[in-house]
Amino acid sequence: MNMNSKVLVYIWVYIIFQYALADENQLYYVMSSGNDDNSGTTQTNAWRTIQKAASKAIAGSTVYIGPGTYYETITILVQGNLFNGSITFTSLMPDNPAIISGENATVASPDGTLNLIYIENKSYLNIINLELANLKGSECSGVRIVGSGTRIELRNLHIHNILGGGKTGGAMAITVYNKNQEASLSKLIIDNCTLYDCEPAWSEALTLNGNIELFQVTNNRVYNMNNIGIDFIGGESNMGALGARSGQCYYNTVWNIHSSYDSSAAGIYVDGGSDINIGKNEVYNSDAGIEIGAENQGRIASGMVVHENYIHDNDKAGLLFGGYDFERGRVINSTFQNNRLENNDVKNTEAGEIVVSFASNSFVYSNAIKPNIKNIILTVDQIGGLDNVFNRQSYYPNGLNANESNLIFNWGNQQYRGLSAFQNATQQELQASVLSSKAGSIRYPSMLCILPLIITFIASAKAY
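Residues in the sequence shown are numbered from 20 upward in steps of one, following this note's numbering.
Honestly, the hints are just simulated from the structure, not real lab data. You can take every hint at face value.
Derived DSS-like pairs (lysine-lysine); straight-line CA-CA distance at most 30 Å:
1) 299 <-> 366
2) 366 <-> 389
3) 299 <-> 389
4) 186 <-> 366
Given the sequences, and given the hints that come with them, work out the whole structure.
Have a look at this one:
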């Protein structure tokens, strides 16, 4: 390369670098007193609608939305990129978030559904610190993300009163769907959002469905929903073979989740997803606690790690795993460890704290379990649930002078009363312990004691 060519390259690099800096520093403003004919680059020349910003903002820029209520259904037509950075939409005043209201909304998104914010095949977007409310439709969402992309972040959103869901759709807080089998939606973050008073009906309040990977769903509060709270789905016939996978669901609090049609809504649910870590969440006062399943025939949910969750005071079981009948899918090669289960099966369905249906090659170990007054620990399906390992649980029998003989284990078609009887008959729980409920708060077993089990499990896991 001669000197002139080198100089030309340096000039182009400098121009690109300066252009990138300009994009990264670009600010836009939307105000209720603005005008879409303005430049949008200062508060005194702000745009009037968020849709204007969602059509014009450039990569690396920030859109500040002033206080007030914006009656819009927004389709985001822009996106950031790797070099210039994400486009951020956020409130100008953090303590007085802008409100996007769906009252009397009629303008549908490109896919025909009704949504306050709609994103399709986009990347590098941040939606932060906004309130989304008061939308009604048979299939609608506060935020709906469709298709492939990467690095979309939803943070500090308040989404509520999304209503009207029915059998053919749902009124969901956050919906994420990707049917594209060639390109995934990756590195999605949903963090510190508050979702409540929605009507997902036959759908879910917060759902990730299809080819979605490397996601984080963390620190959210989900409550007062008429079906499942948080759901990770794979295997539905209209979504393709690839499902939600390789993600994290941590530090969420989910409560008051009650199905409007069958009283079986879990606070956190995996339906055919794989390789998802579900840890340090709290689920209570719901139909069920945390469930790992696979509703579609032939679907396998595998590689799940459910750990250190506090699951308590739910109407039915606290922890459930397996396809729910012979004609559904299965759960395999998963672990359930160091969870705290307390006073579930409030409605005395006789299921107890843990239910296992069609599942195999999975470990349940080192969980702290204090059942309700009936002292039913678990129910395991005779046909599909016996090929799993239970060990090292800490049991806290409930009731005055209760001891290990009060504990009830439903194993296949047999019921065993007392831990000793269960151990002798099944060779399960040989290293379990029984502690007095009077001894204080429930303790988690040490992780050191379960390392041999992990090694054994990895070495002996069968191919399905």
